[in-house]
Amino acid sequence: MLKFDIEKQDGLARVGVIHTPHGDIRTPAFVGAATRATVKALTMQEMRALGSQAILANTYHLILRPGSELIQEAGGLANFSSWHGPTFTDSGGFQIFSLPNVKITENGVKFKSHIDGRNFEMTPESSMRDQWAIGADIHMAFDHLAKSDSYEDMKEAMERTHRWLDRCVTEHQRLAEGTTNRRFEAVRDNGSEIASEPRNDGRERSGPRTAYSCANRPMQYLYAVVQGGTFDDLRAESARYCASQSVDGFGIGGVFTADGMDTMLQLVNNILPEDKPRHLLGMGQEPIDLFIGAEYGCDTFDCVGPTRMARNGSLYTNDGRINIKNAKYIHDFTPLMPDCDCEYCKNYTRAYLHHLFKTDEITAKVLASIHNEHFVVHVTDRIRESLISGDFAAYKSEFLARYYHQ
RNA sequence: GCUGGAAUCGUCUAGUGGCAAUGACAAGAGACUGUAAAUCUCUCGCCUUCGGGCUUCGUAGGUUCGAGUCCUACUUCCAGCA
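To convert a position in the first sequence, counted from 1, into the working numbering, add 354.
Hints in this document: simulated from the structure, not taken from any laboratory. Among the hints, erroneous ones may be present.
Below, a list of computed lysine-lysine pairs in the DSS-like style, where the Cα atoms sit at most 25 Å apart [said to hold, decoys possible]:
1) Lys700 - Lys682
2) Lys679 - Lys394
3) Lys700 - Lys362
4) Lys362 - Lys630
5) Lys509 - Lys394
6) Lys712 - Lys394
7) Lys712 - Lys679
8) Lys394 - Lys357
9) Lys682 - Lys719
10) Lys700 - Lys679
11) Lys501 - Lys457
12) Lys700 - Lys712
13) Lys682 - Lys712
14) Lys719 - Lys679
15) Lys466 - Lys501
16) Lys700 - Lys719
17) Lys394 - Lys719
18) Lys719 - Lys357
19) Lys509 - Lys464
20) Lys700 - Lys394
21) Lys457 - Lys394
The task is simple: from the sequences and hints, build the whole structure.
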């Protein structure tokens, strides 16, 4: 089982530590979206420097390129990308929702590669095998988001997600056989601490490698994904189903806006077991997502929004988002956020970043991404601190009032 | 000086008698939530009660129902010849 310590609980909100084979995640935490094994425009060293604790890569993208076997050959996602910290992979289930021309059957999902048109089929079993090969610490079950928001479609997608979850759990357990969690379980196996860092495991293997071999590797963990859309009874049913499974944590999927998220999370997180971590999938573009998510019991978040918006010139400030490309910043020689200690705000002005965007310099996207990622990571860290100190409510109202000009 | 060619939005450009006139860039603004996303959308002569009105293709005339388009002169630029 994935080790998760809860240090403080206040209603549904909690402060904890997820202990992964590649290190700890102090929660609540914002996880950087590294879809193709990289956080766009940023190096892993920059991610570490700005305070990120973990990254999330995407199975769909990585099996297309470079292929899960290559990442396994490289020693897993952490070694391959030089992140050397806790990692997640999304299952590829979200692509069912977001890609056109996918064929969904009970067995799985057929799709053509958007790169070269090759035919692929992803099933619960193949997603598990690919995620084991990619080697992230925490995997998501292969789920199905309904494309429509009708009750019938939501119910059908949720029920399929549950049937697929059974298959994910079975395959995950099969893959886990013979696998050792060196950091937490090896002690029991041989009575002594293992000194070597798990990150080197990929290079320690000897003998012929077989595809999807998982022997002699650190343990990997599986989150079930709660679906059900905006329907309370479906969300409750899905939460109960996921809670009954032998999984290490939970992803909460199919959430697209903070509207109604509080009541949905109250419903779901009151059903999910307290002692396992919960990841709110894809939410965090709007700071309010992080506040509501943490307040109602979510431990980790990931979102492509901060880096995507950064690349497009939209930057977070404590007073709301601004578009640095706007003409009003041409002569603005002040820092974007004087009280921000990211590399951009500490060293450069708004006018400079405006210039970099206008001239389409690569550095524009780098600096903007550093700032936005730093912003959401630190807002989430600050939420954690406020939960510890008991100031969460005050911090939340103060932040949201200023950010959203309420 | 002679002979050709050319002049269209901030820039480059389409347009060879029929609706302010093509495309790109630049400019202005907006969107973005488990990334087919360094992407996409809108505006881009002036005015507008959103029906439309007005003024525009180097300058000035002319032909024509109608001219960026044809004719004449001029101006500027380019090429070739002196």
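Hint-by-hint comparison with the structure:
1. Lys700 - Lys682: Given pair Lys700, Lys682 holds - Cα atoms ~21 Å apart, limit 25 Å.
2. Lys679 - Lys394: holds, 20 Å
3. Lys700 - Lys362: violated, 33 Å
4. Lys362 - Lys630: holds, 14 Å
5. Lys509 - Lys394: violated, 35 Å
6. Lys712 - Lys394: holds, 19 Å
7. Lys712 - Lys679: Cα-Cα ~7 Å, so holds.
8. Lys394 - Lys357: Given pair Lys394, Lys357 is violated - Cα atoms ~30 Å apart, limit 25 Å.
9. Lys682 - Lys719: holds, 19 Å
10. Lys700 - Lys679: This hinted pair holds, its Cα atoms lying about 20 Å apart.
11. Lys501 - Lys457: holds, 12 Å
12. Lys700 - Lys712: Holds. Lys700 to Lys712 sits at ~21 Å (cutoff 25 Å).
13. Lys682 - Lys712: Measuring from Cα to Cα gives roughly 13 Å; hence the hint holds.
14. Lys719 - Lys679: Holds, at about 12 Å.
15. Lys466 - Lys501: holds, 18 Å
16. Lys700 - Lys719: holds, 16 Å
17. Lys394 - Lys719: Distance of about 9 Å is within 25 Å: holds.
18. Lys719 - Lys357: violated, 37 Å
19. Lys509 - Lys464: Roughly 21 Å between the alpha carbons, so the hint for Lys509 and Lys464 holds.
20. Lys700 - Lys394: holds, 21 Å
21. Lys457 - Lys394: violated, 29 Å
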